[in-house]
Amino acid sequence: MNVLGIIATTGRFVGAEEVVLDSEGNVVTHSPWLPETPEIIWGGLASLIIFYALYKFGWPQMKKSFNARTERIQKELDAAAADKAAAATEAQGIRQAKGDIEAERGRIMAEAKAQAESILAEGRTRLVTEVAELEARSAAEIEASRGRVGDELRAEISRLSSAAVDHVVSGSLDDATQQELIENFIARVGAAQ
Amino acid sequence: MSDNRIEGYARALFEIARAEGTLDEVEDELFRFARSYESSDALRNALTDEQIPAAKRQAIVEDLLGGKATGTTTQLVSMVVGSGRGRDLPAIIDKLVARASSAKNLEVAEVRTAVPLTSDQQARLAAAIVNATGKQVNLKVVVDPSVIGGVVATVGDTVIDGSVRTRIDQLKSRL
Chain A
1 MNVLGIIATT
11 GRFVGAEEVV
21 LDSEGNVVTH
31 SPWLPETPEI
41 IWGGLASLII
51 FYALYKFGWP
61 QMKKSFNART
71 ERIQKELDAA
81 AADKAAAATE
91 AQGIRQAKGD
101 IEAERGRIMA
111 EAKAQAESIL
121 AEGRTRLVTE
131 VAELEARSAA
141 EIEASRGRVG
151 DELRAEISRL
161 SSAAVDHVVS
171 GSLDDATQQE
181 LIENFIARVG
191 AAQ
Chain B
1 MSDNRIEGYA
11 RALFEIARAE
21 GTLDEVEDEL
31 FRFARSYESS
41 DALRNALTDE
51 QIPAAKRQAI
61 VEDLLGGKAT
71 GTTTQLVSMV
81 VGSGRGRDLP
91 AIIDKLVARA
101 SSAKNLEVAE
111 VRTAVPLTSD
121 QQARLAAAIV
131 NATGKQVNLK
141 VVVDPSVIGG
151 VVATVGDTVI
161 DGSVRTRIDQ
171 LKSRL
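Protein sequences, first through last, are from chains A and B. Position 97 of the first sequence, counted from 1, bears residue number 97 in this note's numbering, the numbering being contiguous throughout. Position 110 of the second sequence, counted from 1, bears residue number 110 in this note's numbering, the numbering being contiguous throughout.
Please note that a few of the clues may not be correct.
Partial list, derived from the structure: chain B residues whose beta carbon lies under 10 Å from chain A [what the hints assert, rightly or not]:
#: 1; residue: SER119
#: 2; residue: GLN121
#: 3; residue: LEU125
#: 4; residue: ALA127
#: 5; residue: ALA128
#: 6; residue: ILE129
#: 7; residue: ILE148
#: 8; residue: GLY150
#: 9; residue: VAL164
#: 10; residue: ASP169
In short, the hints are calculated from the structure, not lab data. Using N, Cα and C, we set each Cβ at its ideal position, and we do this for glycine too.
Next up, chain A with everything else stripped away, as it sits in the complex (with noise of 0.2 Å):
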């Protein structure tokens, strides 16, 4: 049983309800519709009383915490905008990153490319130097076995051509010659001041 029937019990028990019969002797109740009239004064005072109660102390409370509730939901919409508005902040760092990480790999790959070509001319360049080199080298190695060649020819002919020297004079030389020689010499210094 609710409060409003609480009191229309306890109307009915103070109103006395009178009993009415009608000619026949019957009881006549009133309305089953419509309550009875004290009743209807007790319940509205009650309810008058309840409500009146109701909104001088239940509804504080209730705005309270209406107002806890929409505080606690705007401040949940509030974080959830933020998180929104970090998480688009993060999105855009992200798509940012990205962008920077595209751009890093393009220059990465330009840079990359570059260094390859250079190596590749580098490696062209001085393969090309080395070829001249060696040809170089080995022309002047030639050059040097020829000389050393002509050299050698040149050193073996002076030491064949002094025993030969050598040799024809010391044979040639008999006491006639010597005496001729020494009396040459002899003439030749006495001549000299």
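Dock chain B against the given chain A, drawing on the hints supplied.
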């Protein structure tokens, strides 16, 4: 050996030869022995080898010079070799010859030829050198086959080279 010691030996040999009255002869023999010593590796090795006893080295000297040189020359060379100064023998002898020449106011003229010179040739050559250098000379003739032909005369720092050897060397250089 130091110059002082060489000079000392030279002076001693000079004085001995002079005291014996055979200075000219000894000087000449020693000079020729020194040149032979210089040109012969075998002789040089034999007289300077410390492994050979001094007495044996002296015996070699006496075998070489005995009967071919005066006793004084043989004894002087033997003395130098016996004292272990064989290596300095040419320097000692050259100093002695220079000293002997100096004593006579002469300059040593070393003459190298491939064949021996006659006395007449030596006299004429000495006169020619005196004429060329303006110095009185003590002619020392060395027979040196390496000269091949002609004459090389050395007077002090002056060299008069008329040898076939030198001409051949010049020809070789050109070759």
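Cross-check of the supplied hints:
1. SER119: Since the shortest Cβ distance to chain A is 13 Å, the answer is violated.
2. GLN121: holds (6 Å)
3. LEU125: holds (5 Å)
4. ALA127: Holds: closest Cβ of chain A sits about 7 Å from ALA127 of chain B, inside 10 Å.
5. ALA128: holds (3 Å)
6. ILE129: Constraint on ILE129 of chain B satisfied, holds at 6 Å.
7. ILE148: holds (6 Å)
8. GLY150: Holds: closest Cβ of chain A sits about 4 Å from GLY150 of chain B, inside 10 Å.
9. VAL164: holds (6 Å)
10. ASP169: ASP169 of chain B check passes; min Cβ-Cβ to chain A is 9 Å, inside 10 Å.
The earlier numbered hint that this structure contradicts is number 1, and it is the only one.
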